[in-house]
Amino acid sequence: MTIWQKLRNVLLAVSMIIVGVTMLVFGEEAYMAIIGIFALALEIKGIRMLWFYFRMARHMVGGQNIFFRGILFFDFGIFTGSLVWVPRAYVLMYLAGMLAFSGVVDLLGANEARGIQSSWKLKTFEGVVKVLIAISSLILVRSGTRVVDVCAIGFIFSAVMSIASTFRRQQVITID
Amino acid sequence: MQGDFHYYATYSAALLAGYDHKSSVDICHAAQLVDHCSRTWLKKAGGPSQAATTQLQAELLQARTDPIGLCDITRIWSSFHFLPRDLYADVDKGSRNYKDKYRLICGPNGDLIVDTVKLACGKGCEAAGIAMHVLADTWAHTYFAGTPSLVINNTNWYFYELFPGDGSEPERRQIKFSHNPSASEDVDKPVYVGSVYQSDENSIMNLGHGRAGHLPDYSYIRYAYLPAWGGYREIIKDNPHDYECAFAQMVYALSYLRGETDDFQKETYDADKISPHIDRIRGIIAKRQVDASADWKAFGESLSGEEISDFNKDEHIEEYMGSENKSDTYLGCFFEAALAQKKMVAARIMESDNRLAGLL
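Protein chains in written order, with the numbering used here: chain C, 1 to 176; chain D, 1001 to 1360.
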């Protein structure tokens, strides 16, 4: 990872921490703005992937994955944006669901990494904590303020893990 | 390819082409040095950084992947390790960037290998060694491009090692790739190490054959897979056949460089000179091992009757640093030959209107 890529990752993580802290400070009033930013970020990511698919990846073996992921990200973006008009409890459930999904993906990835003797402990830890935070959110769903706090902690945790993995030693296969 | 072929097999090829022991050592040393001449090593050796012929793991991790950074990576890897087979290949799909990348796919017997060998003619053992590295890699690294590209260099789960079966069809065993470079490879399971999937088109994980691990570097292996660029057509890579061709073509090319013939032509091999030793050569190539250095070394020593010293990349640094006329030193000649090769390949890529090595 180059210095600029590291810097980009750190800036993204810092912005996630700011989002988390804002949620903690302003409570339920903050998350509508956060939903808007979240939706826009997902839509941009989806469009970028679709652009890459139509220009290059559609000629690649397995390139449909890029297409489906692009559609999925864009769809999630639109869906997230539409949550502005639904009751807050559902929005919080949605955020908790996203966190749980991310945690399950981490656990599956860690399990696969373990099978091929790759590093898996940090990913497992990350996955378990995310799932636990999501479950806590669902248990506390009737108390809006507490759920916001739990989601905010989830955001901050993800950001800290992202910074940690940015500065982890990476390796590539040497090609001679 | 690795040290076993670039060093010891190249030594044997040089002997069979008619070079004496000392010249053969100089040639194979240069061939192997191509895999070590990084910018980090050049700082230590006091050589020009533009003469880099490879990039270390640490350098790649810090490498920029913007257009300028990609040019630098492409110039190094396409010039010395993934020589493009056809810069004017007919590609009827994809954007211009896709076509540019597709045309950098490496393969043997392209026009550029003729240019490479002819460029080394009359320039000494160092240039001959560099040309032999490039030539050998065109056989090993076939189907991969010397530029980071997901859409060209990616591989997927469809990867099978082929073993001779009872009937006409070979037996297939799926290959699993570990993504931990420090993990050990198990040729019996088979489990090999490959770089991790990165959906970013220009990630350095998608450079060359990283996704297929070291499989192209092992002479014994036959495998079937779906290259990302291949439109779901299965490719069978027959390394024992390709390595034998590489060896026979090296003997032919070195005979030309020694002045035995007036012209170097592609798709020509010196079968006559290797025929007395063909069973032994085939035996070494087909032996199931990830490092064939000991066998190639024994073969080379049996040909010359001399001992081949182990490769030491720092061997000529003292001579280079202490010399007032650096052009007369071994490393001076090596750096000049490397610069000439990189300049030639980059110019050919740019002339073909391909922007990946820079703009004219």
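Incorrect hints may have been included.
Subject to a maximum C-alpha distance of 30 Å in a straight line, what follows is the list of computed DSSO-like cross-link-like pairs (lysine-lysine) [as the list claims (entries may be wrong)]:
no., chain 1, residue 1, chain 2, residue 2
1, D, 1176, D, 1326
2, D, 1343, D, 1022
3, D, 1313, D, 1123
4, D, 1237, D, 1189
5, D, 1176, C, 121
6, D, 1123, D, 1326
7, C, 45, D, 1043
8, C, 121, D, 1189
9, D, 1044, C, 6
10, D, 1099, D, 1287
11, C, 45, D, 1093
12, C, 121, C, 6
13, D, 1237, D, 1022
14, D, 1176, D, 1189
15, D, 1022, D, 1099
16, D, 1237, D, 1099
17, D, 1043, D, 1326
18, D, 1043, C, 6
Simulated DEER-style distance windows between Cβ atoms [as the list claims (entries may be wrong)]:
no., chain 1, residue 1, chain 2, residue 2, range
19, D, 1056, C, 18, 17 to 25 Å
20, C, 7, D, 1090, 40 to 48 Å
21, C, 55, D, 1309, 49 to 57 Å
22, D, 1267, C, 15, 53 to 61 Å
Which chain C residues stay away from chain D? Per the calculated CB distances, all over 10 Å, these [said to hold, decoys possible]:
no., residue
23, 24
24, 27
25, 56
26, 59
27, 66
28, 75
29, 82
30, 85
31, 87
Hints are computed from structural coordinates only; laboratory data are not their basis. Where is the CB? At the ideal position from N, CA and C, for every residue including glycine.
Q | Hints violated by the structure (listed by number, smallest first) | A | 1, 7, 10, 13, 15, 19, 25, 26 and 27
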